[in-house]
Amino acid sequence: MRAVRWRKVFRDLVGHRFRTVLVVLSIATGIFAVGVVMGGRAILTREFDAEFATSQPKNAAYFTMPFDDQIVRRAAEYPGISAAQGRHSAGYRYTWSGSDAPRSLSVVAYKDYANITVERIVPEEVLSWPPHRGEIVLERAALQTGDYKIGDVLAVETRSGKTENLTVTGFAHDINAFPAQFVGGETGYVSFDTLPDIGAQESFNELLVSMKGANLTLREASLLAASLQRDVLEDSGVAVLGVNVPKPGSHFLGDIFKAVSLLLLALGLLSMLLSGFLVVNTVSALISQQIKQIGIMKAIGGRASQVTWMYLGMVAVYGVLAVILGVPAAQFAGKLFIEYAAGILNFRISSYAVPGWVTALEVVVGLIVPLLAAVVPIRLGTRTSVVRALTNTGVNSAKFGHGLVDRALGLLRGLPRPVALSLRNTFLRKGRLLMTLATLSLASGVVMSVFCVQASIEQSVDDLDAWWRYDAQIRYEQPVDRIGAERVAAGTSGVSAVESWIGAAAVLDRPDGTKNETLNILGMPYDTTFVGPKLLAGRWLEAGDKDAIVVNTDARKAEPSLDVGQRVSLEIGGETSTWHVVGVVTGQLSGPVIYADREVLGSFIGDQSVTQTLLKTETSDPLMQRAALDRAEARLDEGGYRVVGARTQAELRDSIANELGILVWFLWVMAVLLASVGIIGLTGTMSINVIESTREIGVMRAIGAQHISIYQIFITEGLTVGFMSWAIGAAIAYPMSTGLTSLLSGAIGIPLSYRFSWSGVVTWLGVIAVISFAASLAPAFRASQVSVRDAISYE
Amino acid sequence: MSETATPDSVDSTLLRLRGVVKTYDSGDVPFTALKGIDLDVHTGEFVGIIGKSGSGKTTLINMITGIDHPTAGEIVIDGTPVHRLGENDLARWRGRTIGVVFQFFQLLPTLTVLENILLPMDFCHMWLPRERVERAMHLLEQVELADQAYKLPAALSGGQQQRAAIARALANDPPILAADEPTGNLDSKTADAVFGLFERLVEQHKTIIMVTHDNDMAKRVRRALHVTDGEITEERVYRPRHGA
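Line by line, the protein sequences give chains A and B.
Numbering-wise (the numbering used here), the first sequence opens with residue 1 and increments by one.
Numbering-wise (the numbering used here), the second sequence opens with residue 1 and increments by one.
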């Protein structure tokens, strides 16, 4: 380092270690936030897409009566079909040592696990693969719901009422299986010869097909699925009970994933913005501190360009140090974040390699942003005339007292002198105050918005309680006699009322000839007291309705033709009939549903048997409700009513809340990161204020100020900034949170009810007070350590 | 020491100020610190600018060093119209032409004494790099600080810091030294030593312009200009104690 001016740069960096650490941390925080968020988003998207594509996702699934290999071969050879896969799947109940209550189990069996052509499964930790007779390999999402171990025994209730033990021999990953934590039941894979042991036929009852064409549309897929159904399945006499044609290339968690991805993008951009604020603030303060030295250098011959390069060099060193610190830290934390997120979303990460553009972005944030942020303050500093620079005392107190705010502060009477001094000090450096407030207010706004989004999700789940006026639901394996089942269920102790409904799949015939296979129709008494419909348009079901249906908002969103006044053609149980849409009610976070009068629906499908019974219990305690449900289930079992699923509404509520909770988790990650940036910003500002106030501190000490007074002054200043940012944050939280809630609603396709979180606003007030106090403590301590002699001689 | 009414005869005019006015706009009423100063300084002169606090003496020396710009008037130093130079050209010109000495020394705290002296050479690209340290050490020897070269300014006494600042002002061998209250922050013994140093520099044909409010010190310069309310109200020329 031959040039002496670079030695000065080096000495300034080393000599002012606290300041260097603060600036480097500020920049590194920005790199960290951007790296974790953008890197996480890029890797999650890349790995999710890659694994989903490798799994050979289906374009259509048929749920049928039993069929054999010949049908699978015919389907595979059908024009436009690239692969076909037959499998057997069925729902069971099981008990296990790790759970008190019986749980649901979706059992899937393939004939040849080595040659799965659609929705491939990857064994992860298995004793044997494929599973042998009497063994079950669980889909790994089971590990999110219970502490399953190899060797555990699942006691599965068979069709004949017996119990068959299946031994867990490992875990596999199926990206296309519904994760256990979302559906409240596990998925397990067994061999074909295990099927008779659990009362099932050794035959296929599901046909999955993949279609040719990279840019297949939903309409093309629906048309091809319909022709394959007609030409292969129905032509061979295989009855089709249901068809599912998903949007090509979309995963069932795609909407949640899209929402998470959007959130991460928003977080990344906000992080960059806040990091920029932080750097501008810090560099401005640095230049402000150095202004006298700049004046000296210019006085002894230093040109503005030479001095500019010195400070740009200094900022570049800060940037390089921040990149050295921030990039690996972001990579490490990003890996943890990705592992956790992939665990929740149930997909595997084969490579954590950070894309080159993310690293480039981190370097830009670490080097280019600080340099750009530094250009203006450095330019202003080096352009300051020598005489002004030499007479600079850090603060031009002559400027205080002229503005409106200053005069208003001057009018405040009766405040203790140190408090008044703190308040006025806060407004002394208005540019810096503005930057600090911008950073901390934005972070506060985001945190309070997250509280609001969480409250909105809770409100949406609470709305379900208003809809559900029952406590538990029992689903039967086959439709059952209503009167008999209700009599058995009503006789259960703890059950106060029962009602049974008819549930069926409904296929909407669209005017363009395609079909929507994803709708469900529920038949319930028109005057039911078991639901509380919230009407958005039209009316609810009435006595005397002959063909009336009410749809929920999810159904209307999926099919715009399902609107009040429209007549639509529905295929239910193989019969096509015309219905009249009379009303629209809010959705229940359970997808598109159509409601009809039970008697009317029963007469349309020619069967008044019911598929589910709802229970009201005498208690509001979820555990007691579960106990009553278990007793009712046992009585129904004894009475010969085969129950395939039994769940309390509290459990369903928790399950939905868990699914939406993923979004809240990501939102909290976002809020915590931004709050950290804000806290570092406030600490930095307070520290710089202390450094610049050294002379004032000395004067105060000289005239008798004790440690406590110095602490009081700086902590009050920190708290003032904190409370101001809280107030601004609260003001922006409303528009920000309504926008965020609307964004999430759009992304996940579920309308969320908005609720402003006053408790969140109050909670954040408490947190910001603690944060501001903590952020001011270290600078206040430094201030209290300033000796009078040093302070007075401070230049 | 005798007093005369005429300046010593010198061979050439190094510095010429004509009608220099400086008005500050800060505050509600504009304040005129200099009211049309005319001044000539010749090579090898030791000029003292004397006046009370607020008289305009610091403003006057700031005009001469180019640290501040005049509102009106002309300043020509060694043939250069200083009043027409921009900040950048001023910095380069000042580094080579005028060594500035401040009341509060203004050494850069993070550089050693030696490095503080090397810095102006570095800025102005004066001397070959290998010659710079040799020259800086020679200057430190002149101010009797060679043994303090590698210390930081904070480790030096006030007098030592001021001598280091003088050495720094001489780094690029400028013909003029401008000092604003160079002894104002020193005890009388140290101030006397610093003044002695200035006298030796004048003997080496340096031109020194020094602001002071100390009347005793003022009597040791060759030519004293009394500034009152922004105007040169009196000019005295003193005969050197030991003869120049």
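Just so you know, the hints here were simulated from the structure itself, not pulled from any lab data.
Where a beta carbon is used, it is the ideal one built from N, C-alpha and C, also for glycine.
Check the hints yourself; a few may be wrong.
Unchecked claim - Residues from chain A shown here face chain B by an in silico Cβ test under 8 Å; the list is partial:
| no. | residue |
| --- | --- |
| 1 | 11 |
| 2 | 12 |
| 3 | 42 |
| 4 | 45 |
| 5 | 293 |
| 6 | 296 |
| 7 | 300 |
| 8 | 306 |
| 9 | 385 |
Practice task
Could you work out which earlier hints the structure fails to respect and list their numbers in ascending sequence?
Solution key: 3 and 4
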